[in-house]
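Protein chains in written order, with our numbering: chain A, 1 to 125; chain B, 1 to 143.
Watch out, some of these pointers could steer you wrong.
[Stated by the list, open to error] Computed footprint of chain B on chain A, listed as stretches where at least three residues anywhere in the stretch have a Cβ under 8 Å from a Cβ of chain B:
# : region
1 : 3-15
2 : 18-28
3 : 107-113
4 : 118-125
[Claimed, not checked] Restricting the straight-line Cα-Cα distance to at most 20 Å, the calculated cross-link-like pairs of lysine to aspartate or glutamate (EDC-like) are:
#  : chain 1 : residue 1 : chain 2 : residue 2
5  : B       : 6         : A       : 105
6  : B       : 32        : B       : 20
7  : B       : 131       : A       : 28
8  : A       : 51        : A       : 28
9  : A       : 51        : A       : 41
10 : B       : 31        : A       : 77
11 : A       : 103       : A       : 28
12 : B       : 31        : B       : 20
13 : B       : 131       : A       : 105
14 : B       : 6         : A       : 28
15 : A       : 97        : A       : 28
16 : B       : 7         : A       : 41
17 : B       : 7         : A       : 105
Just so you know, the hints here were simulated from the structure itself, not pulled from any lab data. Glycine is no exception: its CB is placed at the ideal position from the N, C-alpha and C atoms.
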Amino acid sequence: MTLAILFILFFCELFSAASQIFFKKVADQNGLHHPLIHIKDYVHFAAGTLKHPLAWAGLGIMILSTILWLMALSMGDLSLIFPLGSIQYILVLVGSKFFLSEKIDTLRLLGTVLIMSGIIVITIS
Amino acid sequence: MSDHKKKLTLSVFLLIMSTDLMESLTSFLMKKGVVSTELLPLSLGHIAHFIVVNAGSLLIWLGILTYLLNFFLWMRVLSKLDLSVAVPVGSTSYVIVPLVAHFFLHEIVTPVRWLGIFLIILGIYFVSRSKTHDGGTEVPDTL
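One chain only, chain A, in its complex shape (with noise of 0.2 Å):
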């Protein structure tokens, strides 16, 4: 049974963590850089982002997570559920660089190590 909830949550974490590499393709392949001033952009810029299939299927790979998020919220324990979750910090590390080649300095991965324990912290208390 937990190593049913904890399979779950680790494939809705992956697929979170993959909608949001497909998210950041969709945002450095569409230009959509130029400053926003009027509504025009505004419609430009949400129809740019529309118009990339790659957002689309990340759009389709989070609900997918969510389902998966909710199924591991109505199975287990929560105050195990929403610690274990922030493995996706890790994940989202892991994704970018390796798909987006962003450099992770050290700087970068012991921040992203304090905010999980904080939240593995608040989470478990």
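We have chain A; now place chain B onto it with these hints.
For chain B alone, coordinates are given in the frame of chain A:
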């Protein structure tokens, strides 16, 4: 290509904070709005029933609206920052929600939770000070 182009500026940080706040608002609306939670055991029939019953809730639709608005805000954040900066920094709700509860709702924040809040603030500071070496496109510092 200047080195500071993907730095976490105050305006982008405030944008991240607003996505965190709107995420909390979405959760609140969904939680308040959900009429039926009969989703388990997961089957097509249960999912269809779940969707049909909850589609009648105005709060759920408001939640979907704030979710979509937030999606575009978040895309804006991602066009300004590395993902490995945006995601960790996007945990400000773990700090803001207890602080709001403490100062406005007079809820008690235990010492252990203060420790957690302190760790997160320190972590956000570290991540925001980390180096970015990026060969990507120039990002102007405007929202």
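We went through each hint and held it up to the structure:
1. Counting residues of the region 3-15 of chain A whose CB lies closer than 8 Å to any CB of chain B gives 0, so the stated coverage by that chain is violated, three being the minimum.
2. Only residues whose C-beta sits within less than 8 Å of a C-beta in chain B count toward coverage, and the region 18-28 of chain A has 7 of them, enough to reach three; the restraint holds.
3. Three residues within the 8 Å Cβ limit are the bar, and the region 107-113 of chain A against chain B gives 6, so the coverage statement holds.
4. Here the region 118-125 of chain A counts 6 residues with a CB under 8 Å from a CB of chain B, which clears the bar of 3, and the coverage holds.
5. Distance check on the hinted pair: residue 6 (chain B) and residue 105 (chain A) sit about 15 Å apart at the alpha-carbon level, within 20 Å; holds.
6. The suggested pairing of residue 32 (chain B) with residue 20 (chain B) holds, with an alpha-carbon distance near 18 Å, which does not exceed 20 Å.
7. Simply put, residue 131 (chain B) and residue 28 (chain A) have alpha-carbon atoms about 19 Å apart, close enough for the 20 Å limit, and the pair holds.
8. Between residue 51 (chain A) and residue 28 (chain A) the CA atoms are separated by roughly 14 Å; this keeps the pair inside 20 Å, and the hint holds.
9. A C-alpha spacing of about 15 Å is found between residue 51 (chain A) and residue 41 (chain A), which places the hinted pair at or below 20 Å, so the restraint holds.
10. Among the hinted pairs, residue 31 (chain B) with residue 77 (chain A) is consistent with the structure: their alpha-carbon atoms are about 19 Å apart, no more than 20 Å.
11. Annotation: proposed proximity of residue 103 (chain A) to residue 28 (chain A) holds, straight-line Cα distance about 16 Å (limit 20 Å).
12. For a cut-off of 20 Å, the pair hint linking residue 31 (chain B) to residue 20 (chain B) stands: about 16 Å separates their Cα positions.
13. As the CA atoms of residue 131 (chain B) and residue 105 (chain A) are separated by approximately 7 Å, the hinted pair is consistent with the 20 Å bound.
14. Taking the CA atoms of residue 6 (chain B) and residue 28 (chain A), the gap is about 12 Å. The hint holds against a cut of 20 Å.
15. The straight-line distance between the Cα atoms of residue 97 (chain A) and residue 28 (chain A) is roughly 15 Å, inside the 20 Å bound, and the hint therefore holds.
16. Distance hint between residue 7 (chain B) and residue 41 (chain A) is unfulfilled; the C-alpha atoms sit about 23 Å from each other, more than 20 Å.
17. At roughly 14 Å between alpha-carbon atoms, residue 7 (chain B) and residue 105 (chain A) fall within 20 Å of each other, so this suggested pair holds.
In this structure, the earlier hints numbered 1, 16 are contradicted, and the remaining ones agree with it.
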